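K.L.:
Next come the chains, spelled out residue by residue.
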Amino acid sequence: MRERSGTRAALASALALVLLATACSGAGEVGDSAEVDLDVAPGVTDDSVIIGSHQPLTGPAAPGYLAVSQGAAAVFDYVNAQGGVNGREIDYRVEDDKYDPSETIDVTRQLVIEDEIFAMVGGLGTPTHSGVLDYLNEEGVPDVFPSSGALAWNNTEEHPLTYGWQTDYTKEAKIQGEYIVENFPDQNVGYLFQNDDIGEDSQAGLDQYLSDEVVTRQHYESDVPDLSSQMAEMEDSGAEVIVCSCIPAFVALAMLEAAGMGYEPQWVVSSIGGDTATLQALLAEFTDGTDAEDVPADAFLDGALITSYMPRVEDEDDDWGQFFLSVYDEYGDGGAPTNTHVFGMTQAVMFAQVLKSAGEDLTRQSLIDALETQEWQGPGFTPFSSSDGDHGGHEGVYVVQYKAGGTIEMVQEARVTDREGGPIEEVDFERLSPEDLPFHD
Amino acid sequence: MNYFITLTLNGLASGAAYAALALSLVIIYQATRLVNFAQPALALLSVYTAYTVTQLTGSYWLGFAAALTTGLLVGAFVERVIVRPIARTSQLNAIIVTLGLLLVVQGAVGMIWGNEQHGFRYAFSYVGRFSPADVFSLVAVGVVALLLFGLYRFTPLGLRMRAAAFHPEAARLSGVKVGLMLTAGWGIASLIGALAGMLAGPPFISPNVFDVVFVFGITAAVVGGLDNPFGAVIGGLLIGLGMSYVSGFVGPELATLTALAIVVIVLSVRPDGILSRPTARKV
Amino acid sequence: MTSPTTEREERSTTSGAGAEPPRTPRTSRWGSLPLPARHLLLAALGLAAVTGLLFATGDLTALRIAAIGYTMLAIAGLQLLVGGSGQVSLGHGAFMMIGAYTMALLILHQPMLPLAANLGIIVVVSIVAGVAVGAATARLHGPYLAGATLILAVGLPGLTHRYHEVFGGSNGLNIRTAGAPPFLDGLLSTSEWRALVVWTTVVIGLAVLATISAGRLGRRMRALRDDETAAAMAGIPVGKTKVVAFVIASTAGGLAGGLQAYVLGTVTPSSFTLVLSLTLLAALVLGGIGSLWGALWASVAIVYLEIWARDLARAMDMSRNAENNLPVVFFGIVLILILRFWPLGVHGALQSLRARLRARSSSS
Numbered sequence: 000m001r002e003r004s005g006t007r008a009a010l011a012s013a014l015a016l017v018l019l020a021t022a023c024s025g026a027g028e029v030g031d032s033a034e035v036d037l038d039v040a041p042g043v044t045d046d047s048v049i050i051g052s053h054q055p056l057t058g059p060a061a062p063g064y065l066a067v068s069q070g071a072a073a074v075f076d077y078v079n080a081q082g083g084v085n086g087r088e089i090d091y092r093v094e095d096d097k098y099d100p101s102e103t104i105d106v107t108r109q110l111v112i113e114d115e116i117f118a119m120v121g122g123l124g125t126p127t128h129s130g131v132l133d134y135l136n137e138e139g140v141p142d143v144f145p146s147s148g149a150l151a152w153n154n155t156e157e158h159p160l161t162y163g164w165q166t167d168y169t170k171e172a173k174i175q176g177e178y179i180v181e182n183f184p185d186q187n188v189g190y191l192f193q194n195d196d197i198g199e200d201s202q203a204g205l206d207q208y209l210s211d212e213v214v215t216r217q218h219y220e221s222d223v224p225d226l227s228s229q230m231a232e233m234e235d236s237g238a239e240v241i242v243c244s245c246i247p248a249f250v251a252l253a254m255l256e257a258a259g260m261g262y263e264p265q266w267v268v269s270s271i272g273g274d275t276a277t278l279q280a281l282l283a284e285f286t287d288g289t290d291a292e293d294v295p296a297d298a299f300l301d302g303a304l305i306t307s308y309m310p311r312v313e314d315e316d317d318d319w320g321q322f323f324l325s326v327y328d329e330y331g332d333g334g335a336p337t338n339t340h341v342f343g344m345t346q347a348v349m350f351a352q353v354l355k356s357a358g359e360d361l362t363r364q365s366l367i368d369a370l371e372t373q374e375w376q377g378p379g380f381t382p383f384s385s386s387d388g389d390h391g392g393h394e395g396v397y398v399v400q401y402k403a404g405g406t407i408e409m410v411q412e413a414r415v416t417d418r419e420g421g422p423i424e425e426v427d428f429e430r431l432s433p434e435d436l437p438f439h440d
Numbered sequence: 000m001n002y003f004i005t006l007t008l009n010g011l012a013s014g015a016a017y018a019a020l021a022l023s024l025v026i027i028y029q030a031t032r033l034v035n036f037a038q039p040a041l042a043l044l045s046v047y048t049a050y051t052v053t054q055l056t057g058s059y060w061l062g063f064a065a066a067l068t069t070g071l072l073v074g075a076f077v078e079r080v081i082v083r084p085i086a087r088t089s090q091l092n093a094i095i096v097t098l099g100l101l102l103v104v105q106g107a108v109g110m111i112w113g114n115e116q117h118g119f120r121y122a123f124s125y126v127g128r129f130s131p132a133d134v135f136s137l138v139a140v141g142v143v144a145l146l147l148f149g150l151y152r153f154t155p156l157g158l159r160m161r162a163a164a165f166h167p168e169a170a171r172l173s174g175v176k177v178g179l180m181l182t183a184g185w186g187i188a189s190l191i192g193a194l195a196g197m198l199a200g201p202p203f204i205s206p207n208v209f210d211v212v213f214v215f216g217i218t219a220a221v222v223g224g225l226d227n228p229f230g231a232v233i234g235g236l237l238i239g240l241g242m243s244y245v246s247g248f249v250g251p252e253l254a255t256l257t258a259l260a261i262v263v264i265v266l267s268v269r270p271d272g273i274l275s276r277p278t279a280r281k282v
Numbered sequence: 000m001t002s003p004t005t006e007r008e009e010r011s012t013t014s015g016a017g018a019e020p021p022r023t024p025r026t027s028r029w030g031s032l033p034l035p036a037r038h039l040l041l042a043a044l045g046l047a048a049v050t051g052l053l054f055a056t057g058d059l060t061a062l063r064i065a066a067i068g069y070t071m072l073a074i075a076g077l078q079l080l081v082g083g084s085g086q087v088s089l090g091h092g093a094f095m096m097i098g099a100y101t102m103a104l105l106i107l108h109q110p111m112l113p114l115a116a117n118l119g120i121i122v123v124v125s126i127v128a129g130v131a132v133g134a135a136t137a138r139l140h141g142p143y144l145a146g147a148t149l150i151l152a153v154g155l156p157g158l159t160h161r162y163h164e165v166f167g168g169s170n171g172l173n174i175r176t177a178g179a180p181p182f183l184d185g186l187l188s189t190s191e192w193r194a195l196v197v198w199t200t201v202v203i204g205l206a207v208l209a210t211i212s213a214g215r216l217g218r219r220m221r222a223l224r225d226d227e228t229a230a231a232m233a234g235i236p237v238g239k240t241k242v243v244a245f246v247i248a249s250t251a252g253g254l255a256g257g258l259q260a261y262v263l264g265t266v267t268p269s270s271f272t273l274v275l276s277l278t279l280l281a282a283l284v285l286g287g288i289g290s291l292w293g294a295l296w297a298s299v300a301i302v303y304l305e306i307w308a309r310d311l312a313r314a315m316d317m318s319r320n321a322e323n324n325l326p327v328v329f330f331g332i333v334l335i336l337i338l339r340f341w342p343l344g345v346h347g348a349l350q351s352l353r354a355r356l357r358a359r360s361s362s363s
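Protein chains in written order, with numbering that gives the first Met the number 0: chain R, 0 to 440; chain L, 0 to 282; chain Y, 0 to 363.
I should point out that these hints are in silico values taken from the structure, not numbers from a laboratory.
There's no promise every hint is true.
Simulated restraints, written as ranges between beta carbons of each label pair [what the hints assert, rightly or not]:
# : chain 1 : residue 1 : chain 2 : residue 2 : range
1 : L       : L72       : Y       : A314      : 30 to 40 Å
2 : Y       : A358      : L       : G149      : 54 to 64 Å
3 : Y       : S318      : R       : E359      : 28 to 38 Å
4 : R       : E34       : L       : A260      : 46 to 56 Å
Stretch by stretch, here's where chain R covers chain L in the computed footprint (C-beta under 8 Å, at least three residues) [unchecked claim]:
#  : segment
5  : 29-40
6  : 122-134
7  : 189-199
8  : 204-211
9  : 239-247
10 : 251-259
What you are looking at is a predicted structure, and each value in this text was computed from that prediction instead of being measured.
For glycine and all other residues, C-beta sits at the position ideal for the given N, C-alpha and C.
Whenever a hint applies, use it, and build me the whole structure from the sequences.
P.N.:
So this is what it looks like as structure tokens:
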């Protein structure tokens, strides 16, 4: 009996101690985190390296983004078939987070702790990846090329191990704004944007060049698949040019709504939504009874302007576009690749390239050193920053116009800019062909 | 004014789809006293079947027929094989089982057809301010509501179905095949659910496409009242119009909150929905 | 994740965290203790068990143990509402969301407030929310209540889009919270510390819920569930009791959400979806309605079933579409099978197993 009450007393006091400790000090007062050790190489053996990614594979957000990891997986399979990188096969592990940050946190820890990934590659989504940004940096896990154009990835003070990839939304929008002013002077412009950082950052860029021309600003929520009132308002306000900072499903919906009303604006679509292969597949069902009955979806897309920084599958003259088609044909999941696949494929090529540069003696430090010193020469069409305190990734965009028949025409070569009020400049950027770019053995 | 008319027409068109789903929920409630969470799943399966049939044959209407047939058969099958053994134990368990079914079917559709989006045609042309497709939705929903009203009010089958649902023991004593009536109720409800899917599915379908529609379907059903098919139609149109006006005049982010507001306002005045009959004390 | 870890966990938490008073008082001393004291002791035992478990496992498990903790608290609150008063709410995720956003806003704008104070504020906010929802739905029954709470769970996230500047829109709010206090450095990792903080709150909450459930209020709620009219005739204030049930549920849900925000450091509308609310209710029935033990099995199921299914899918070498969708199918099948063969859920099945074992041992 004595012993039992002794145990109880001990437990009760332990509980009290914990309570007391919880009760003092502010919950939001955070100390500085310790230095991380980068001279390590978890997940790396002589013949393999494990990398991880979080992607929405199921759930409401899966449809638009599923293709990213499919594309990346195809390239890594191709690389492995060529003998890997520095003798190592790439073991690419994708975890499904359903685009829910609480799941992202769980699967990221699983990747880091259980799978012992060497690096996180292409983690997808702004809200999701924001949830693991601190964790990855604190754990010393290189966070390479998150799949989102949020401005937050380029902050070397707070997140030195995070390297942005996508041209950020503001840079892209500035170039769109300038293009519209130069090519459609005095026309009424309407904005249609997703109501999150995509919309916010895009407007910040557009507004630097457009002001009086803007007649309406319409937004949508990504979980409400309806644009009827937005497009009605667009037509009502007399917008002649619509800048669509939207994901492909909503670009398609907007085009369909417009066609239903007999409204034919000039579309200017951001890279995130300008995946014409996906748009064609979605819209092909709806051409019956229009002029373009036998030409899939051309009636909707003809003349649309699209900003882009990656190679494109429609680009018949581009080595990389053709290379990706053939890689996907052999290593993909079947079907034709879209530009969303190319997104993941371009990321994968660039990651493999850094891995190659990091050398035989692979550690997290050597990977970071390689990123900081890499001289980028494609597959993207713009210069790429990953050094000297600028982890912004692609620095600009080029503009293409979709032509009936499924081809595209480059209407403005790549230009670069910053995300503040800096000028937009033309660049002279040399890309290497797939054969010359060292990204596998 | 022009804009107002456009919003009204948009609201009616989307309201028709909510009303169709609400009708299928009303039928199931009438037949089994259950809220059926598997309804969107059965609609999903039907619509994907239609998608495949249309792809193979090139005929939209063959696909349409296939969807309705799938709805009818799968609904009856699910009642017989999965729901009935569990519904015996408790009503809550039966509801939860329909939830489990929703997960299984949604996942299975993803397994078979993938999680990508597919373009899915309208029954008629979508071109025009109030397009033939929109007219078709409204007319289809109106006709179905009338047919159901007739079925329950005037036919012996409808009477037996209601008796089986509300007073199973008494019904059995007077010779009604209660089990058969339950199966029939599920079959008819799922057929209407399939129709709702065909109306609400376009332009793009994916495994989660009916999540939101289903929520507004339930909302429409409770706003209108679960006793009366016309209640479902009124509820659906009310929700559709309310959401269209608010997203047009105030902002689309408030659309779902509008539905919530409508529910709160209507149910605080009439706890059993707009077209409910005053109920006596039930024990 | 391997099953031995969880089994260990289940066994050890079984020894304490739950809150059902033993049927037959084993010792006169135990029986002579007042009910709240008994529940508090059980709570302390549960916490000790969780602490032991944390020392035996790693950082990843710590996060999941914390997840089991706050999910269990949320479900326990729902248990009292659904199992206790018979009101089927499909909107429990809304209360978690309110708690989570309250926690995030407090930490962002009042970082020097201690966590305990934040939790206290969350309780107050949740009570207000519970009164509002409870009062608005007190006259509703059956499918009408279900529909109204469902649209609450779906509609509420709209507010975060409307008041973008305050709630951060669909990207939500990111917060940083203090880790383990300095004197525990090297003894506990940050995740383990957080798991411990979560479970401390959870076991206290469970003890309170158990005490309520065993008391007069609990009896009133059960009377209401069994027959509303009869309860009214017996002098039970029907409307008031229903509202109180909602308040209890919303408080437990709000606290759970607050703890989730504290552990994860991020709050977004996409974490509080329709799926969450439906899953909470489904898991409650799966775990076993009518007992707080059910909430434990339910939360273990929510956290671990999907992880097991992921491992299973990988081991089976399926096509990519099949592999991706297996976890959701798996959860659905487990749910259907359990309800088919164990209508009273996991807890009910365990109880009948125990009864059968006891019968066998007494007959031999």
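K.L.:
The structure should be examined with respect to each hint, and the outcome stated for every one.
P.N.:
To see whether the hints hold, each was checked on the structure:
| no. | hint | in the structure |
| --- | --- | --- |
| 1 | L:L72 / Y:A314: 30 to 40 Å | holds, 34 Å |
| 2 | Y:A358 / L:G149: 54 to 64 Å | holds, 57 Å |
| 3 | Y:S318 / R:E359: 28 to 38 Å | holds, 36 Å |
| 4 | R:E34 / L:A260: 46 to 56 Å | holds, 53 Å |
| 5 | 29-40 | violated (count 0) |
| 6 | 122-134 | holds (count 6) |
| 7 | 189-199 | violated (count 0) |
| 8 | 204-211 | holds (count 6) |
| 9 | 239-247 | holds (count 3) |
| 10 | 251-259 | holds (count 4) |
In terms of the numbered hints stated before, the structure departs from hints 5 and 7, listed from lowest to highest.
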